[in-house]
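Trainee: Chain by chain, the residues run as shown.
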Amino acid sequence: MNENTNLDPLGDLPPELAELDRELANLQIAERPSFAPELEAELGRAWQTRARWRGDGHVVRGAVAASLTALLLVGVAVPPARASLVTRIQQLLEVFQEPAPVAGGEFAPAGAQGPGLASIMAGEGGAEDGSSRRRGEAVRETRSAGEPLTEFPAFRVPESTYPTLVDLESDRILMRRYYPPELQRQGVGGTVGLLLWVDSTGAVDNVKMARSSGVSALDRAALQAAPSLRFHPTTRSGHSVGELGRVRPGLRAS
Amino acid sequence: MMKVDATERASTAHAPEGRARTAGGRSRPASGLPHDFEAWYEEHRGTVFRYVRFRVATREAAEDVTSDVFMKALRSIQRYDPTLASPRTWLLRIARNAVTDHLRSLRRRGSLHVSLDRVPDLVADVPSQEERVMKEERIQRLLNGSQALRRADQEILSLRYGAGLGNAEIAEALGVSNNAVAVRLHRALKRLKEVVETRESS
Numbered sequence: 001m002n003e004n005t006n007l008d009p010l011g012d013l014p015p016e017l018a019e020l021d022r023e024l025a026n027l028q029i030a031e032r033p034s035f036a037p038e039l040e041a042e043l044g045r046a047w048q049t050r051a052r053w054r055g056d057g058h059v060v061r062g063a064v065a066a067s068l069t070a071l072l073l074v075g076v077a078v079p080p081a082r083a084s085l086v087t088r089i090q091q092l093l094e095v096f097q098e099p100a101p102v103a104g105g106e107f108a109p110a111g112a113q114g115p116g117l118a119s120i121m122a123g124e125g126g127a128e129d130g131s132s133r134r135r136g137e138a139v140r141e142t143r144s145a146g147e148p149l150t151e152f153p154a155f156r157v158p159e160s161t162y163p164t165l166v167d168l169e170s171d172r173i174l175m176r177r178y179y180p181p182e183l184q185r186q187g188v189g190g191t192v193g194l195l196l197w198v199d200s201t202g203a204v205d206n207v208k209m210a211r212s213s214g215v216s217a218l219d220r221a222a223l224q225a226a227p228s229l230r231f232h233p234t235t236r237s238g239h240s241v242g243e244l245g246r247v248r249p250g251l252r253a254s
Numbered sequence: 001m002m003k004v005d006a007t008e009r010a011s012t013a014h015a016p017e018g019r020a021r022t023a024g025g026r027s028r029p030a031s032g033l034p035h036d037f038e039a040w041y042e043e044h045r046g047t048v049f050r051y052v053r054f055r056v057a058t059r060e061a062a063e064d065v066t067s068d069v070f071m072k073a074l075r076s077i078q079r080y081d082p083t084l085a086s087p088r089t090w091l092l093r094i095a096r097n098a099v100t101d102h103l104r105s106l107r108r109r110g111s112l113h114v115s116l117d118r119v120p121d122l123v124a125d126v127p128s129q130e131e132r133v134m135k136e137e138r139i140q141r142l143l144n145g146s147q148a149l150r151r152a153d154q155e156i157l158s159l160r161y162g163a164g165l166g167n168a169e170i171a172e173a174l175g176v177s178n179n180a181v182a183v184r185l186h187r188a189l190k191r192l193k194e195v196v197e198t199r200e201s202s
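Residue numbers (my numbering), protein chains in the order written: chain A, 1 to 254; chain B, 1 to 202.
For the record, the hints were derived by calculation from the structure and aren't laboratory data.
Every residue gets a Cβ at the ideal spot worked out from N, C-alpha and C, and that includes glycine.
Check before you lean on any hint, since a few could be wrong.
Said to hold, decoys possible - Non-contacting residues of chain A with respect to chain B, defined by C-beta distances greater than 12 Å in every case (computed):
(1) Leu20
(2) Lys208
(3) Ser240
Claimed, not checked - Just the calculated beta-carbon pair ranges, DEER-fashion:
(4) A/Arg45 with B/Glu200: 43 to 51 Å
(5) A/Ala83 with B/Asp64: 53 to 61 Å
(6) B/Val183 with A/Val60: 55 to 63 Å
(7) A/Ala77 with B/Asp64: 49 to 57 Å
(8) A/Val60 with B/Asp64: 31 to 39 Å
Start from the sequences, fold in the hints, and give me the full structure.
Mentor: The following block contains the structure:
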């Protein structure tokens with residue numbers, strides 16, 4: 001908590017400004033108690049990650065760079081490797097020029113376009129064996145023209161429902177019962193964000209406040225009332241299961 | 001020009017294994033931060049947070065901006081030059097830039113206004129609910145009024161009433177003389193009063 005009561009005095013202030021000065025100096029600014037340790041831990045993690053990267057990173061980066069350089073030198077200096085490299089680059093360029101598959105999920109007739117990636121990965125002889133056949137034909141011909149592509153198996157998505165309040169009206173009455181009468185009289189109201197566990201029977205357990213209304217008495221009232229709320233529990237494929245739920249009960253003077 | 005070698009200091013910190021010692025001599029789990037930085041964090045976090053809180057609309061935004069300030073400071077700790085500024089002045093300079101960035105992004109989204117449900121953390125220890133509500137409304141008016149001031153006015157007010165700096169420290173932070181600080185504070189207060197009164201009467 002901060003109250004700047006020891007600030008340097010500002011000389012020769014007219015009374016109305018002196019009053020404003022005092023008012024601002026007495027403004028209290030409270031830190032959330034857990035903020036400091038949370039931030040410190042976050043900074044510690046950031047620093048450790050950075051230190052690790054700085055410690056080991058240059059070794060890893062150096063090794064990768066050396067390996068790539070060595071591969072490039074071998075690829076350029078040794079004639080068979082150079083020829084193979086050039087061939088592979090040409091094949092890759094052809095792949096990128098290949099048109100998209102035609103509608104209906106079927107590829108265009110073999111030989112009409114350049115080779116596919118699958119054929120290149122298969123490493124066929126291609127032009128080197130003297131044949132006029134283009135790369136990729138052997139792979140594509142294993143499937144007849146009319147045969148459909150194999151479909152992926154469909155994933156089963158379990159049917160689910162989520163927790164819902166059993167009786168909204170009685171829950172409103174319940175909330176009103178906990179609403180402090182003096183706040184009602186003063187017309188002080190608000191909405192409290194609650195996080196709660198709805199178990200497989202629909203009962204509430206472990207209520208926590210996710211967002212304060214700004215009025216501690218209202219927050220307390222909502223926290224006290226929440227365990228009495230009744231829910232239809234969550235179901236997964238017909239089975240009741242526990243689930244985390246959020247509610248935002250509003251407490252307002254009528 | 002001497003520069004802080006944070007990595008070196010972190011490795012030579014005189015603290016027992018796995019524990020660190022706070023300014024008050026209390027032992028607590030080590031955060032793994034550089035020794036100097038940890039001391040600055042302990043000493044100046046409150047000042048930075050209060051400065052930021054004075055200038056932004058919500059406590060959550062103040063926490064975000066404060067986190068951002070210390071992350072930036074940690075990242076650039078090796079560039080800190082103690083001959084140019086004290087750690088507090090350096091951190092507040094980073095905070096001023098971070099607040100400016102934050103307000104600029106909000107201005108683009110048009111959400112600078114402080115609403116009544118955003119100020120409860122600034123009010124405490126009031127005997128009754130009525131007084132609390134009245135005080136919240138007054139703080140809301142003051143904060144919204146300060147948002148309407150020029151940036152220089154906002155800055156000097158938040159350095160004094162948020163960060164709690166004395167006139168000499170404000171002078172160091174802004175790079176002006178002590179007299180200039182007194183004059184600027186006087187004018188900023190006068191303008192804030194005018195803005196608040198104009199809004200109240202309208």
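Trainee: For each hint, tell me whether it holds in the structure or not.
Mentor: Evaluation of the provided hints:
1. Against the 12 Å criterion, A/Leu20 falls within the reach of chain B, whose nearest CB is about 5 Å from its own CB.
2. For A/Lys208, the shortest C-beta to C-beta distance to chain B comes to about 17 Å, beyond the 12 Å cut-off, and the non-interface label holds.
3. With a cut of 12 Å on Cβ distances, A/Ser240 stays outside the contact zone with chain B, its closest approach being about 36 Å.
4. A beta carbon spacing of about 47 Å between A/Arg45 and B/Glu200 agrees with the range 43 to 51 Å that was offered as a hint.
5. Distance hint check for A/Ala83 and B/Asp64: the Cβ-Cβ separation is about 58 Å, which falls inside the suggested range of 53 to 61 Å.
6. In this structure the hint that B/Val183 and A/Val60 lie 55 to 63 Å apart at CB holds, the actual value being about 58 Å.
7. For A/Ala77 paired with B/Asp64, a C-beta distance near 55 Å keeps the hint of 49 to 57 Å intact.
8. Against the hinted window of 31 to 39 Å, the Cβ-Cβ separation of A/Val60 and B/Asp64 comes to about 33 Å, which satisfies the hint.
Figure legend: structure checked against the earlier numbered hints; the only hint not met is number 1.
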